[in-house]
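Visitor: Work out the full structure: start from the sequences and follow the hints.
Note that the protein sequences, when read in sequence, are chains A and B. The first sequence runs contiguously to residue 434 in the numbering used here. The second sequence runs contiguously to residue 408 in the numbering used here.
Simulated from the structure, these hints should not be mistaken for laboratory data. Here the structure is a predicted model, which is why all the values come from computation and not from measurement. Be a bit skeptical, because a hint or two may be false.
Stated by the list, open to error - Every beta carbon over 12 Å from chain B, so not counted as near; a handful from chain A, in silico:
| hint | residue |
| --- | --- |
| 1 | ALA313 |
| 2 | GLY343 |
| 3 | LEU407 |
| 4 | THR408 |
| 5 | ALA413 |
| 6 | ARG416 |
| 7 | LEU418 |
Stated by the list, open to error - So, partial list: chain B residues that the calculated Cβ filter (under 8 Å) puts toward chain A:
| hint | residue |
| --- | --- |
| 8 | PHE260 |
| 9 | PRO262 |
| 10 | PRO263 |
| 11 | TYR266 |
| 12 | GLY269 |
| 13 | ASP272 |
| 14 | ASN274 |
| 15 | HIS297 |
| 16 | HIS346 |
| 17 | ILE349 |
Claimed, not checked - Computed list of lysine-lysine pairs in DSS-like fashion (alpha-carbon distance at most 30 Å, straight line):
| hint | chain 1 | residue 1 | chain 2 | residue 2 |
| --- | --- | --- | --- | --- |
| 18 | B | LYS298 | A | LYS417 |
| 19 | A | LYS356 | B | LYS359 |
| 20 | B | LYS397 | B | LYS359 |
| 21 | B | LYS397 | B | LYS365 |
| 22 | B | LYS397 | A | LYS350 |
| 23 | B | LYS298 | A | LYS356 |
| 24 | B | LYS397 | A | LYS356 |
Just so it is clear, CB atoms sit at the ideal spot from N, CA and C, and this is done for glycine as well.
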Amino acid sequence: MNDVDLDAVYFAGFFDGEGCIAVALVDGRYHKVRISIGQTNEQVILDFQRFCGGTGTVTLKFGPTGKELYYYQLGGSTQAANALRRLVPYMRVKREEAELAIVLAERIAGSGYPRQQLTDEEIAERRKLADAINSITRWKARGIG
Amino acid sequence: MTFYPPPEYIAGFFDANGTVYVADTARNAPRLRISITTSHKLVLVSFQAALHVGTITLHQRRAVYDDQWRLNVTSIPEVGRFLDEIGPHCIIKNTQMILAQKFIDHIKDYGIGRALDAGALAVRLELAYAMSEANGYGRKLVDLEVEGTPS
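Guide: Laid out in structure tokens, this is it:
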């Protein structure tokens, strides 16, 4: 067990339990991978943010009963993929969508910024991956922008 | 092939989706319970196989979303084993795990059930209230025979 990243093992379990992998659709055309997680314990959310490289945002929301909920969102495809790469070896529940999200993020990173002119073929390939992820998570791509 | 998840993984999952609580009963005998609820039954099966604890039940059948399954750990030796193996790796539920260990220690010293004297029962109820507060429910106990188990 010496080579095992114990933070990653713990957070893989934590993310499998509470986390979410989603693909956002920007301007109805460009895909963006993002991960998010919500918890009432602020410290663990801040630790998870550090685990993800210190990027992303933590916001305070209030649940239906008025309980404080700390919500972490990492919206950059590359950063989200980097975090998922560390978690994937230990994930059980969300491994399939995590692996697909990494492939999608690599496509996005490989062609420069998402808003640059993309070919229809490339957009179709990304849409396929996004649909596959969203069909697992049962989310529809949420349009933003 | 059965997958045996490492304790750190189970602790992370338990911190996210689990609960440790003390349920009251009409017989005035507070009972310690651990449960993990998720729609992914297989992950619960793997926890059960790794720790040799609990029973899995269908908790909630849902029309739109996946059914919810629950791993219930109720026997004192099994709760003790869960605390020994998973407790040290928990972060969010660390306080609850410490209280649960005190509860188990108290049971070892004074026994379970209805034969407790008033002093021992008061100590156990105080632990139960502290657990409820740590879970964010204030000083109240779940009535096992009225409300079922908390999610």
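Visitor: State the violated hints by number, sorted upward, taking the hints as numbered earlier in the document.
Guide: none
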